[in-house]
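Visitor: One-letter residues, chain by chain:
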Amino acid sequence: MAFCPRCGVQLDNDVRFCPLDGTPIPVLEGDETQTLAPWPNTDPLAKKYLTSKEIRDRLLIIFSGLLILPIFVVLAVDFYSSGGFDGGTLTWSLPVAWILLCSFLYLFFGFNLYHAFVPVSLSYLSITAGLLLGLDFFNEQVDWFLTLGLPILSALGIFLLLNYLFILKTKRKGYNVFGSIVASIALFLISLDGLIHYYLQERFLVSWSILTSFALVPLSIYFFFLHYGLKRNLDLGRTFHF
Amino acid sequence: MSVTANKREWSRLDNVGNLFPAVQSDRITGLFRLSAVLDHVPLKGLVQEALDRILPRFSYFNVEVVENLFWHTFIPAKHPLLVLPDTPNPNLPLSKDSTSRHPLRVRLFQKRLSVEFHHSLTDGTGALAFLRALLAEYFALKGLTCQDYLDIPRPGSTIPPEEYEDSYSKLPYDPEIPLPSSRSPAFQHPGKILPKGEYRAILGILPLDLTLARAKARGLSLTEFLIGVYFLAWQEVFFLAKRSGKKTLGPIRMHIPVNLRRLYPSSTHLNFFLTIPLELDPRLGQWSDAEVFEKVHHFMQIEVNPKNIRQQINANLRGVILPYVRVLPLFLKKLFLRLFYHWGEKEQTSALSNMGQVKMPKEIEPHIHRFEFLPPPSPGTRIAASVISYQNVLCIGIGRIAEGSWVEAAFFRRLREYGLPVKIETNLPKEEPWRSAPVAESSSITT
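Chains as they are written, first to last, in this note's numbering: chain A, 1 to 242; chain B, 1 to 447.
No lab work stands behind these hints, which were simulated from the structure alone. The C-beta atom is built at its ideal place from N, Cα and C for all residues, glycine as well. Check each hint, because a few of them may be wrong.
Some chain A residues close to chain B (C-beta under 10 Å, calculated; not the full set) [said to hold, decoys possible]:
(1) Met1
(2) Val9
(3) Leu11
(4) Pro19
(5) Pro38
(6) Trp39
(7) Lys48
(8) Ile167
Isolated chain A, as found in the complex (with noise of 0.2 Å):
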């Protein structure tokens, strides 16, 4: 007979650990009293189940056939359909093409890093830098790309991070968090048409974003009022005496 030295149950001799608590059951040689097994170890007719890692994978399988077999068509097409072996060259299919290679990319790192904000954010970022410079040169020169898409991606990606380092460092979460995002909308809105005149007329200058900022910017202090100042400085009981 075996029996947990931790909660004193008694338990199968071949038991190697305590089920309730984990303590480890001394071997106990030369008793024969339990010869038959309680419970089956295996059942080969077991239903499969599906893991979560296994059903992404299976997607991620899927969605890249559906996203990788057609850029094959459309290269092969463009080829035959200009000419094929006798001269012919990619035109029209190349941004098609990059486009459905971009696709894959971004569905291959959300599939593999969905779990890590900080990688997640930065392959996207790079990816869609990627999609926009190929897009940019397969129109023939690469032009917008370098003064308008490039700067309009840091942003983004600088307040991405300003906002993932908000988030990270403060201790107690709560509407601070959207004050924070609504507040980083706001400025990335900004930089966003300051950009755009820039490009467009060759000097900073912001326009519509003053809207956007009349009614982003009070939103944001109000939910940072609401974290701050109303849990911290107003006390609703000792004011309204209930």
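Go by the hints and put chain B onto chain A.
Guide: This is chain B only, laid out in the frame that chain A set:
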């Protein structure tokens, strides 16, 4: 619907049975298990023969569930019911295989003969009647005939219509009776849910006479004593969770199934039970053993009365009586039932069901070591307990689909503290203690 059970072409599910096919999933299997552990390893062929002989007597169990436009319906099973090998995880979901759609299974492993019933078909009383009849027939085929088979149905005997009646529907619906009030969300098992298809069963085997003596010494029935100990175990887990920083803590609310056959004249083998909620609120402070036992004792006396029970039955009958519910297509009924089921489960912490004492003919008695009972799994409550006794063996089964054996550890340790010897059997992997690791090693609770 024709009058004899053998010739029925279809039949309705009873009032409670209607719920279970609607909410069934890979985790809410709706199956519970009753087992008998014999003194020998039975021959599978003999068990199959006994099953083939006894099943026509229980023809209302030899069915499969099909979906119609408005309701789930039983139709006679198209395939024979086979004795299956047992699995490491009991109460697994029903097969969707076209060759086996019975809402019951018979399993055999070593000395353990088990039946697993879907709650759409019957409750513990009906399942136990079937298992006892199967055992009696098995022993008869082995050459062990009995002079007195007690109330066990024998093959070839006529099937009384009362055995397959819906006893709920015999009670008239009264629109004047108000609905039971809703309750706040209850404290839930803090463990992470196990992967699909896994069910952790821990059986505690105790001497019945000693346990009864401990209960009587406190002026309690066996059920009240065990519920009290179960509450105390949950109270420990509650404070562990609180210390670990869990914020949303509700009261501990236990649902106790009541066999309505004891309150209303019925001999049905279909479902005829209800659960009553018992509550202990550790948010008010730590309850002592004596306080918990006193509370449970008085609560049981107050709650188990025909008026409270009638209110709940009346509320359940609304689902099959009211015209605007009846005309809803099944897919909408399923949707609403799932929602109500999940809301209902949030209101309860766990359940403890006591099947009572099993009697077998005296010639068979020495050949059965004990009976076991394992409750159906559910992701809402995650863990439930069940009790059954036979001769001087009390078997307490705790089944869970969440990680962490804090409740079982606290429960059986308390029984040991009351001086009761406890033998533990489990389907936990013998070499893998992590599933049942002590609280300090768990990911979700730290002391």
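Visitor: Work down the list of hints and note, for each, if the structure agrees.
Guide: Hints and how they fare:
1. Met1: 9 Å, holds
2. Val9: Hint on Val9 (chain A): holds, closest Cβ of chain B at ~5 Å, below 10 Å.
3. Leu11: 5 Å, holds
4. Pro19: Where the cut-off is 10 Å and the nearest Cβ of chain B is about 4 Å from Pro19 (chain A), the hint holds.
5. Pro38: 5 Å, holds
6. Trp39: 4 Å, holds
7. Lys48: 8 Å, holds
8. Ile167: 20 Å, violated
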